[in-house]
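Novice: Taking the hints into account, I'd like the entire structure generated from these sequences.
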Amino acid sequence: MLDYPQIDPVAIALGPFKVHWYGLMYVVGFIGAWWLGRKRAHRLGLTKDDIGDMLFYGALGVVLGGRIGYALFYGFDRLLAEPLWIFQVWDGGMSFHGGLIGVLIAAWLFARKHRLAFFQLTDFIAPLVPIGLGAGRIGNFINAELPGRVAEVPWAMPFPGMGPEPRHPSSLYEFLLEGVVLFAILWFVSRRPRHRGMISGLFLVLYGVFRFAIEFVRMPDPQLGFIAFGWLTMGMLLTLPMIAAGLALMAWSRSQPVDGARAEPEAAAQKTGPQA
Numbered sequence: 001m002l003d004y005p006q007i008d009p010v011a012i013a014l015g016p017f018k019v020h021w022y023g024l025m026y027v028v029g030f031i032g033a034w035w036l037g038r039k040r041a042h043r044l045g046l047t048k049d050d051i052g053d054m055l056f057y058g059a060l061g062v063v064l065g066g067r068i069g070y071a072l073f074y075g076f077d078r079l080l081a082e083p084l085w086i087f088q089v090w091d092g093g094m095s096f097h098g099g100l101i102g103v104l105i106a107a108w109l110f111a112r113k114h115r116l117a118f119f120q121l122t123d124f125i126a127p128l129v130p131i132g133l134g135a136g137r138i139g140n141f142i143n144a145e146l147p148g149r150v151a152e153v154p155w156a157m158p159f160p161g162m163g164p165e166p167r168h169p170s171s172l173y174e175f176l177l178e179g180v181v182l183f184a185i186l187w188f189v190s191r192r193p194r195h196r197g198m199i200s201g202l203f204l205v206l207y208g209v210f211r212f213a214i215e216f217v218r219m220p221d222p223q224l225g226f227i228a229f230g231w232l233t234m235g236m237l238l239t240l241p242m243i244a245a246g247l248a249l250m251a252w253s254r255s256q257p258v259d260g261a262r263a264e265p266e267a268a269a270q271k272t273g274p275q276a
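Residue numbering for the sequence shown follows full-length UniProt numbering, starting at 1 and increasing by one per position.
Note that these hints are calculated values from the structure, not bench results. Warning: the hint list may mix true and false statements.
[Unchecked claim] Straight-line C-alpha distance at most 16 Å; calculated EDC-like pairs for lysine to aspartate or glutamate:
no.	residue 1	residue 2
1	K39	D53
2	K113	D50
3	K39	D49
4	K113	D49
Specialist: Structure (structure tokens):
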């Protein structure tokens, strides 16, 4: 059994002004996606400045979708009793599935603005997302959130406020699978030209499988518990449509054009004009 590391959730405190590690993890995710996105901007015929615009759309989608999704999926009763609670972001609560919906809406708006095919854009975005997912799970671990179930594995550890029993560090499992492994696979696969929609479908399938598996060692949300069969959690239920949609999208992609790994740099150059 390992000891749970005692890390102050507040990274920087200057009087009443406090910066939490969890918030910094969002910054890490956005900066990482921005930096890598700029390296591949030419694939969509976009400028590097366009990537900053895309990240702005994405950030709004993540924050608004994540909060609204959490309120609807995990706190609906509280939302009905206290409608203004949804604005209390300092009270915690973000949903990946809500954030995903928010990002998809943002991607549709951005694609429409820049005259891109929707799945052409989502294929570009998908390999960038695991950076934020992994960073977010580190933030969860620092905050002692998402505790695992009681375990006897050598790396189990007691979670603060949950008694002396050693538990799976489930947020670290999610960091490894949803962050490191998912990024490595998507980044490697997307290096070559693929049928439009294939990368997006692969993201949905892999994330869905990873999340579904980890839910077996993660404690269910206390306000919901198991929602069926004594083992099905809300996270599992929301993940099943993702897997089905991903498989359908990968099958559909076989009839779609192959998006080249080398998009026309000239198109990006035309947007910025001649270079000095």
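Novice: Look at each hint and say if it fits the structure.
Specialist: Verification of the hints:
1. K39 - D53: holds, 15 Å
2. K113 - D50: holds, 11 Å
3. K39 - D49: Given pair K39, D49 holds - Cα atoms ~12 Å apart, limit 16 Å.
4. K113 - D49: holds, 14 Å
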